[in-house]
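Order-wise, the sequence lines are chains H and R.
Numbering-wise (my numbering), the first sequence opens with residue 118 and increments by one.
Numbering-wise (my numbering), the second sequence opens with residue 118 and increments by one.
One thing to keep in mind: the hints can contain errors.
As the list claims (entries may be wrong) - Here are the simulated DSS-like pairs of lysine-lysine, each with C-alpha atoms no more than 30 Å apart in a straight line:
(1) K351/R to K379/H
(2) K351/R to K317/H
(3) K351/R to K341/R
(4) K379/R to K351/H
(5) K317/R to K272/H
(6) K351/H to K203/R
(7) K379/R to K351/R
(8) K341/H to K272/R
(9) K341/R to K272/H
(10) K379/R to K379/H
(11) K351/H to K379/H
(12) K272/R to K317/H
(13) K228/H to K203/H
(14) K162/R to K203/R
What the hints assert, rightly or not - In silico negatives: residues of chain H with every beta carbon more than 10 Å from chain R:
(15) M118
(16) G160
(17) V163
(18) T166
(19) H188
(20) P194
(21) A202
(22) E220
(23) G240
(24) L264
(25) E268
(26) S329
(27) L340
(28) P349
What the hints assert, rightly or not - Reference listing, derived: stretches of chain R covered by chain H, where coverage requires no fewer than 3 residues with Cβ under 8 Å from a Cβ of chain H:
(29) 189 to 203
(30) 290 to 296
(31) 318 to 329
(32) 362 to 375
Keep in mind that the hints were calculated from the coordinates and are not lab data.
Cβ coordinates follow ideal geometry from the N, Cα and C atoms, glycine included.
The lines below spell out each chain.
There are 2 protein chains.
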Amino acid sequence: MRVGFIGLGIMGAPMAMHLREAGHDLAVFNRTASKCEPVRAKGAKVAATPREAAEGAEVLFICVSDTPDVHGVLFGPDGAAESLAKSSVVVDCSTISADATEEFGERLAAKGVAMLDAPLTGGDVGARNATLTIMVGGEEAVFQRVLPLFETVGKLILHMGPLGAGQRMKVVNQIVCAVTLLGVVEGMRFAEQSGMAMDKVMQVLTSGAAGSWALANYGPRILKGDFAPGFPMKLQSKDLRICMEAVREAGGRYEATALADKLFREAAESGLGDNGTQAMIQLLRRT
Amino acid sequence: MRVGFIGLGIMGAPMAMHLREAGHDLAVFNRTASKCEPVRAKGAKVAATPREAAEGAEVLFICVSDTPDVHGVLFGPDGAAESLAKSSVVVDCSTISADATEEFGERLAAKGVAMLDAPLTGGDVGARNATLTIMVGGEEAVFQRVLPLFETVGKLILHMGPLGAGQRMKVVNQIVCAVTLLGVVEGMRFAEQSGMAMDKVMQVLTSGAAGSWALANYGPRILKGDFAPGFPMKLQSKDLRICMEAVREAGGRYEATALADKLFREAAESGLGDNGTQAMIQLLRRT
Chain H
118 MRVGFIGLGI MGAPMAMHLR EAGHDLAVFN RTASKCEPVR AKGAKVAATP
168 REAAEGAEVL FICVSDTPDV HGVLFGPDGA AESLAKSSVV VDCSTISADA
218 TEEFGERLAA KGVAMLDAPL TGGDVGARNA TLTIMVGGEE AVFQRVLPLF
268 ETVGKLILHM GPLGAGQRMK VVNQIVCAVT LLGVVEGMRF AEQSGMAMDK
318 VMQVLTSGAA GSWALANYGP RILKGDFAPG FPMKLQSKDL RICMEAVREA
368 GGRYEATALA DKLFREAAES GLGDNGTQAM IQLLRRT
Chain R
118 MRVGFIGLGI MGAPMAMHLR EAGHDLAVFN RTASKCEPVR AKGAKVAATP
168 REAAEGAEVL FICVSDTPDV HGVLFGPDGA AESLAKSSVV VDCSTISADA
218 TEEFGERLAA KGVAMLDAPL TGGDVGARNA TLTIMVGGEE AVFQRVLPLF
268 ETVGKLILHM GPLGAGQRMK VVNQIVCAVT LLGVVEGMRF AEQSGMAMDK
318 VMQVLTSGAA GSWALANYGP RILKGDFAPG FPMKLQSKDL RICMEAVREA
368 GGRYEATALA DKLFREAAES GLGDNGTQAM IQLLRRT
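I would like the entire structure built from these sequences, with the hints used as guidance.
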């Protein structure tokens, strides 16, 4: 299949590589062109603009950071929308606002271009191992057309509903992840302050009702002082801003989500933005 | 061994039964005497007062709800302290304040009685299956004396440090559990409000970084509308009050813990106290 891919970051680069290795005719675009080198060496074409990456593509993947980035590569100067063919599909794997997604989908539909929102979870490891979870919103028939490509890069692929439903599922996921991590770091911080033997603390916590993916994966990194991203604080903070927009619109009580939004923003804006989310404990250690 | 056991609640009753079945000479006391019947049928002596349960005991287990309850059974009228023999050991499995524990330990030490704090995690299921995690504080030599009894009722048994260290470990555990559960219920609540297919939501959440014991165990109960305790809201709220005392003394930022304390107290005081902690989602559904 002729596939375009925009955004070769920590997630996009290995995904593009898997698509190329599966034999697809691939054109890639990335702001920093050097990131395209590995996949170019495997036979992908490197495009100079989003417009060029989208030219002739049956499916165009976008994997960038935030709502304005998606808007830019689609509708900005030399944007993909200038060249996308009728009946092609835009698959946006970025985590952005569901409302903006619906708006972008409408603008593309006016040109006869379909859209799926397909945010990811599973991290850099999942992208490298093609074990991502992909939450997809959009028309069922379009989902079915793209499904073989999703299966090349992911493991659990779920059609959640109409366009935007993937992003709303991602909101659910990010709320749970962020709040869970707050529990892990506050618990570990109290253990530190109490001078406990941290190996025993981890044994107790992982043995029972306190256990979580966050504890199992971030706990050991915190103990080693390893704050490399995984998932960078500034992206977690960006995702929580999107979560807050979503829960405000839904209405109701989301006090833990609001607290996570506040704390991750504070951490991201006070020197920890490029660290992994586990660096939240560093914020607590400052006081 | 001659063992006394005070408090045959949801945790204490199966623990006492395991000790009796292991062949120990057991005397039990419970405020509601009918709860003693199953273990009496297996040959345990039923005591009329804490003092009587403690008489001649080499080790006296206490498994009650809160700090004043432990104080009462030890030092109240007909309390265990009146009859405890020199060199006997009090093992308090309740979750209470570490500071009060240290105070009780001093009062007992003045009578030549040793004390261990030994709070539990693993829930009613862990108590029934003798797979509890037990976090023990107190002198190493005393811990070693009681270890065979701990091994009769638990699986992971860790000596955390001096008297009070078990309770401080429990604080860590309860912070992580309570905050993690807030993340689970706020995430699930947003999914409900968005009208998502909850089976798919659970598949996504359990597949990746949002996964936790709380999600795996409480998520399905929430979907079934099963709010029976497991762990009752009012005890979670009581534990969080103890957590707040502990983190205030430690100093620093524990904003998620404080939020959990606020929300679980509100839930416990507004008609959900006898429900399991997963009923937190009911509080969110009211708005």
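Here's how the hints hold up against the structure:
For the hint linking K351/R to K379/H, the alpha-carbon distance of about 28 Å falls within 30 Å, and the restraint holds. About 28 Å separates the Cα atoms of K351/R and K317/H, which keeps this hinted pair within 30 Å; it holds. For the suggested pair K351/R and K341/R, the alpha carbons sit about 22 Å apart, so the restraint of at most 30 Å is met. In summary, the hint linking K379/R to K351/H is supported, as the alpha carbons are separated by about 28 Å, within the 30 Å threshold.
Between the alpha carbons of K317/R and K272/H the distance comes to roughly 14 Å, so the proposed pair stays at or under 30 Å and holds. Distance hint between K351/H and K203/R is unfulfilled; the C-alpha atoms sit about 60 Å from each other, more than 30 Å. With a C-alpha separation of about 12 Å, the suggested pairing of K379/R with K351/R holds against the 30 Å cut-off. About 27 Å separates the Cα atoms of K341/H and K272/R, which keeps this hinted pair within 30 Å; it holds.
A C-alpha spacing of about 28 Å is found between K341/R and K272/H, which places the hinted pair at or below 30 Å, so the restraint holds. Taken as a hint, the K379/R and K379/H pair is honoured in the structure, with Cα atoms around 18 Å apart against an allowance of 30 Å. Proposed proximity of K351/H and K379/H is supported: the alpha carbons are some 12 Å apart, at most 30 Å. This hinted pair checks out: K272/R and K317/H have alpha carbons roughly 14 Å apart, not beyond 30 Å.
With a C-alpha separation of about 7 Å, the suggested pairing of K228/H with K203/H holds against the 30 Å cut-off. For the given pair, K162/R sits about 22 Å from K203/R by alpha-carbon distance, which is consistent with the 30 Å threshold. Every CB of chain R lies more than 10 Å from the CB of M118/H, the least distance being 26 Å, so the non-interface label holds. Its beta-carbon lying about 31 Å from the closest one in chain R, G160/H satisfies the requirement of being farther than 10 Å from that chain.
Distance to chain R confirms V163/H as a non-interface residue, since its nearest Cβ pair spans about 31 Å, more than 10 Å. Residue-level check passed: T166/H sits 34 Å from the nearest beta carbon of chain R, beyond 10 Å. Every beta carbon of chain R lies more than 10 Å from that of H188/H, the smallest distance being close to 23 Å; the non-interface claim holds. With a closest Cβ-Cβ approach of about 35 Å to chain R, P194/H is found to remain outside the 10 Å limit, as its non-interface label requires.
Once the 10 Å rule is applied to beta carbons, A202/H is consistent with being away from chain R; the minimum gap is 31 Å. No beta-carbon of chain R comes within 10 Å of the beta-carbon of E220/H; the shortest separation is about 18 Å. Its beta-carbon lying about 7 Å from the closest one in chain R, G240/H breaks the requirement of being farther than 10 Å from that chain. Remark: the non-interface label on L264/H is consistent with the geometry, its nearest Cβ contact in chain R lying 15 Å away (cut-off 10 Å).
For E268/H, the non-interface assignment is confirmed: its Cβ lies about 15 Å from the closest Cβ of chain R, beyond the 10 Å cut-off. At roughly 4 Å, the least C-beta separation between S329/H and chain R is not larger than 10 Å, which violates its mark as non-interface. Distance check on L340/H: its Cβ is at least 14 Å (rounded) from any Cβ of chain R, clearing the 10 Å threshold; non-interface status holds. No beta-carbon of chain R is positioned within 10 Å of the beta-carbon of P349/H; the least distance is around 14 Å.
Requiring three or more residues with a Cβ within less than 8 Å of a Cβ of chain H, the coverage given for the stretch 189 to 203 of chain R is violated, as only 0 such residues are present. Note: the stretch 290 to 296 of chain R has 6 residues with beta-carbon separation from chain H under 8 Å; the three-residue rule is met and the coverage holds. Taking a C-beta to C-beta cut-off of 8 Å, the stretch 318 to 329 of chain R contributes 10 residues in contact with chain H, enough for the three needed, and the coverage statement holds. Counting residues of the stretch 362 to 375 of chain R whose beta carbon lies closer than 8 Å to any beta carbon of chain H gives 10, which reaches the threshold of three, so the coverage claim holds.
Violated hints, in rising order: 6, 23, 26 and 29; the structure is consistent with all others.
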